[in-house]
Amino acid sequence: MLYGVPLMAETQAVQATRPPPWRDVRVLGIVGQIVAVVSVVLVLRWLIGNLFTNLDEAGIDRGFDVLNQPTNFAIRDANFDSRSPLWPDMVVIGVKNTLLSAAVGIVIAVILGVLIGIGRLSENWLVARLSQIYVEILRNIPPLVIIAFFSFAVFTFGPFPPFNPSSPPWQINLPGTDTTALILSNDRWGIPSIARDGDLLPFWIALAVAAVVAIGLWTWRTRVNINTGAPHRRGLWAWGGFLLIAVVAFVLLDTPYRWSWPMVSESGRRIEGGFATNAGYLSVTIALGLYTASHIAEIIRGSILAVPKGQTEAANALALTGLQRYRFVVLPQAMRIAIPPTINQFLNLTKNTSLATVVAYPEITSLVKTAIGNGKPAVQLLVMLMAIYLTFSLIISVVMNQVNRRFQLVGR
Amino acid sequence: MTMVDADATNIGTRETMIELVDVDKFFGDFQALKKINMMVGKQEVVVVIGPSGSGKSTLIRCINRLEKHNAGRIVVDGTELSDDIRNITEIRRETGMVFQSFNLFPHLTVLDNITLAPRQVARRSKSEAEETAMSLLERVKIPEQARKFPGQLSGGQQQRVAIARALAMTPKVMLFDEPTSALDPEMIKEVLDTMKDLAEDGMTMIVVTHEMGFAREVADRVVFMADGEIVEVGSPEHFFTNPQEERTKLFLSQIL
Amino acid sequence: MTMTEVGGPDNPFILVNEPEGPPSEKLTPWEWIRKNLFSSWVNTLITLIFGPIALYLIYRFARFVFVTGRWDPVDSNLELFMIGTYPREERWRVVSQLIVMSAGIGGALGTMNASAKARRKLTGEEFVPTSWRTYASSYWSVVLFVLVLLVGFTDTTGPWLMVGAMVVLGVAGWAATTWLPDALRPLSWSASALLIVVSFQLLSGTGGWAWFYTVLALVPLISGVVGRLSPSIARMAAPATVGLGLAIAIAALVTSSVVVGLVGILVGIYGLVLVRQGDRLDATRVGLIMIASGVVTVLYRAIGLSGIDWSEWSGLHLTMTVAVASTLLAFPIGVLLALGRRSSLPAIRVMSVAYIEFFRGAPLITFLLAGAFFLGFFLNTESPLSLITRAIAAITLFSAAYIAEIVRGGLQAVPKGQVEAGLASGLSQPQITRFIVLPQALRAVIPAMVGQFISLFKDTSLLGIIALSEFLDVRLLVHAQEDFRGFGIAETMTFVAFGFWAFAFAMSRESQRLERRLGVGQR
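Going down the list, the protein sequences come from chains Z, S and G. Under the working numbering, residues 1 to 412 are what the first sequence spells out, in order. Under the working numbering, residues 1 to 256 are what the second sequence spells out, in order. Under the working numbering, residues 1 to 523 are what the third sequence spells out, in order.
This is chain Z alone, in the form it adopts within the complex:
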């Protein structure tokens, strides 16, 4: 080799030479993946093969047809008797009940959580301490214990009377009237609800009109603000317009909705009218609402504290007032931090409604457990149950991705 002469200059092809396959990193990578996939598939095949053999030996059906046969048990407070099939009737009721509990629980959790989260940062020592005590207690007790506490200590064996003809429940009337506003017992509660009365279509049309007007007002005020600098007060205008039209339409159309008051039936065993609910539902919903509120409070507090100090200082330097500083600088940034973990808490709450099995509230998990107890095949039912929850998770994660995309800061 001559000094200064390129080592491989005589070869015109400048592609790297290929090494033997057993030392080629690319080949090794592919082989590694194939080995991993094949071994996982083999293990799964072995496991599922065992499952099928064992099921067959035990004489358990492993088809999904069994789900269409009658369940042989009834669900109270629902249009479902022992002849109704598991799929889809029971599943629909179960999922509906799961969502009903989750939705109300989320509302409780958010309202309480936000209040307590802000309360923890309050200047008032008492409020800050009470909020802290709430969080530190609720967060560190298993949700199941809280649910059981409500169900057994507050409702079933608590201060409330039983509900039967010989011992009527507490009935609390509207002051000065005969109308029952609340029915309380250790087992079921009746609360007022809203019932339709007559034709709804005109009222809904009126609401749509109101919405359009509200949007119009919003746009107009925004433009006024941009053009003249006058305060826009668009929220006030838009909501005001909307409510005005809605109220006028409600009165003119002869109240298409009215209150429905709960009433003890003549037999003394049921609640008629209103919204009848049972102790199981209340325990699960209240307990999970309170438990999740403690987590949301921590998220809120952490998010507000996570906004860098420099932001507040910069806002002060711009001479924004205290409220403006919160409204335009701190809260928007804190929101961005708080929203993803809060949505995650919604998912957790929804999954936690499965704990209702211990208080016999017929949401999907406890129905599935009952069905298994009634001799339905466990494998198919639990696979179905997991699929349902996975669907919830999938929906939430899609929502989460959308939210994240919207809230992400534009940056490098």
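Fair warning: there could be bad hints in the mix.
[As the list claims (entries may be wrong)] Dumping the calculated DMTMM-like pairs for lysine to aspartate or glutamate here, alpha-carbon to alpha-carbon at most 20 angstroms: (1) G/K121 - S/E245; (2) G/K117 - S/E131; (3) S/K141 - S/E131.
[Claimed, not checked] Listed next, with one range per pair, are the computed distances between beta-carbon atoms: (4) G/F61 - Z/E266: 39 to 47 angstroms; (5) G/E510 - S/H210: 44 to 52 angstroms; (6) Z/A306 - S/P185: 28 to 36 angstroms; (7) Z/I48 - S/N70: 41 to 49 angstroms; (8) G/K35 - Z/Q132: 17 to 25 angstroms; (9) G/K117 - Z/P341: 34 to 42 angstroms.
[To be verified] Sample of chain S residues lacking proximity to chain G, with all beta carbon distances greater than 10 angstroms (derived): (10) E15; (11) Q31; (12) N37; (13) A71; (14) D77; (15) M187; (16) D197; (17) H210; (18) D220; (19) E237; (20) I255.
Derived from the structure by calculation, the hints contain no laboratory data. Ideal Cβ placement from N, Cα and C applies to all residues, glycine included.
Keeping the supplied structure of chain Z fixed, place chains S and G upon it in accordance with the hints.
Chains S and G alone, transformed into the frame defined by chain Z:
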């Protein structure tokens, strides 16, 4: 060698240490290196300069396969850098690298930082590896810091530990990726002095840096890169006194 | 890169001394009340509304606890809550377990303290020991719980003596290991670990995998002793010990277990490779570990302590055991899954993500039900697995997915430059993971891991759903008793809630403290 041109393969009478032939590197659609041809001779010090984004860091990161080049060939001391895992390992053993951000292992003491590779890769005994490490620390003039953690050292000290760590595998080539850019001004000198000593001891070095003083004083050749290409190559005195290309002149006028 | 490095520019691996609050200005009580309660008219209004509410709540609660509460169900069944249906004649095992374990935990904490101190000496930093106040602010809830149990619900001296012995031995272990000379550190590690292992063996007997845990506990000692051997002795010891170890492995293959024997032979071959590579100290270590395995197995067989079956465990004891066992088992799986999720090989990544998302997507109860109803069907075991084993398996698989996500967070926090520095030094990908990435990532996730342990601890309350009598479900046994039918429900529930709370609260405080000390998340 006195001429200034764009041929980076002229290493005079030295033996070849590193050879790059028509090397291309893409990041997605962006071409970071365009048909780079370059040679580095044994015991030669090559300083690579150029504006940020010109591909100079990518160039040296391709040499030890921190980035995989897409086309062309790279040969280090007769070993070709291909998909061959044996060659990759060998080249990484033979090249030491010093990073802009030090990249010391924060969970290990200075001594453990230096002995990790000799113990695990070269399978030396603990006492032997520590003896070597201590002599290297003396060479970079901080033996008293051996038992400390990187976080307790100043930036300049950390970078000198990083140099000692790279030397612990007795490399044939040292790659420096902007070793002084993350340092406070008063610490730059101590690192540059260490590098100078290394060059005087005959180490083959490729140095990406903005320190023009260092280039002038220590470099055998200066390579100017822009937009993924080698624009101009030459000995330091010619490079700084009599640059030929417009882009080189512009760059030098901005930083000098 | 916008991601913050763990601990920022400073070394996150040096414990930060806890930040002190701003120097508090001295206020007279009157000034304090004005400043914190009545600083403005809004503040005054809030105080006037919430003050009476708070006082009323405190009054009601105190009345419930001290006056109206009917605590007889708890009082007469305290033992049931603690150890459930555990056979009463074997109770000495639980008592000795707790006492021995206290000594072990005290020893482990003392050793940790001493090695932190020794390291500070080397690095030349000041060592600030954690003050008793700090410990008290973390653990007061557990102390309160124990005191309530002792003062409120026990009439005999036995429990007092037990707790007293636990405290004395715990402190003794701590003191002994703290003041032991540095040279004996491996001994104190092994001794502490051994005490903890032995305490567990008191319950589960000396069969099964007992030898494995015991040898694991001995590793620091063996490693430390071998490290001090002179080269000439090591030259002879390496082949001798490995040879003897191989002989033991072959003996195991012939006499007892094929699997254990084969694994032993593989380990022995690794030892031979080390001898050939000239790594005599490591070879000696491998040999000694193999010899220790043989000796311990024979020893345990000679002792022949039979275990108390899982199915007899219940109450708080079961709750604790399941939480600890599942976490320990789930941890390695979680780490592997996290590494898999970050793998550069797409197939491995996809499989890891599928596992993680599957187990995170559905609630634990569905997996517990699956465990109870058909987990056994997946395996062809000769005798059916016990319900507790299946429950632990289900919880382990479940929490592995959550641990994987936590560890992934830690892996992401390790800067890319660390891996590059490793590659540039010629380390292989597994070596980089083992020596560079994992130590940093795991250290950064310690607080989150404690958090995960808390939620696992709380989740054990679900065991009742599959008819295991853990702490919460003992109340069903209590209220099935003639005297307490439908009586004192609120009291037992409050007691159970207090028990869960005491431990979870202490751990969450500890997690916050670790977070501050490790400087995680600081900018």
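Structure-based check of each hint:
1. G/K121 - S/E245: violated (58 angstroms)
2. G/K117 - S/E131: With Cα atoms ~26 angstroms apart, G/K117 and S/E131 exceed 20 angstroms; violated.
3. S/K141 - S/E131: Judged against 20 angstroms, a Cα distance of about 15 angstroms means the pair holds.
4. G/F61 - Z/E266: 39 to 47 angstroms: This hint holds: roughly 42 angstroms between Cβ atoms.
5. G/E510 - S/H210: 44 to 52 angstroms: holds (48 angstroms)
6. Z/A306 - S/P185: 28 to 36 angstroms: The hinted range 28 to 36 angstroms holds for Z/A306 and S/P185, with Cβ atoms some 34 angstroms apart.
7. Z/I48 - S/N70: 41 to 49 angstroms: Between Z/I48 and S/N70, where Cβ atoms are some 44 angstroms apart, the hint holds.
8. G/K35 - Z/Q132: 17 to 25 angstroms: 18 angstroms Cβ-Cβ, so the 17 to 25 angstroms window holds.
9. G/K117 - Z/P341: 34 to 42 angstroms: Holds, since G/K117 and Z/P341 (Cβ atoms, about 38 angstroms apart) stay within the stated range.
10. E15: holds (23 angstroms)
11. Q31: holds (22 angstroms)
12. N37: At roughly 24 angstroms from the nearest Cβ of chain G, S/N37 sits farther out than 10 angstroms, so the non-interface label holds.
13. A71: holds (21 angstroms)
14. D77: holds (14 angstroms)
15. M187: holds (14 angstroms)
16. D197: Consistent with the label, S/D197 stays out of reach of chain G, its closest Cβ about 21 angstroms off (over 10 angstroms).
17. H210: Per Cβ check, S/H210 is outside 10 angstroms of chain G; nearest 19 angstroms; holds.
18. D220: holds (23 angstroms)
19. E237: holds (32 angstroms)
20. I255: Per Cβ check, S/I255 is outside 10 angstroms of chain G; nearest 26 angstroms; holds.
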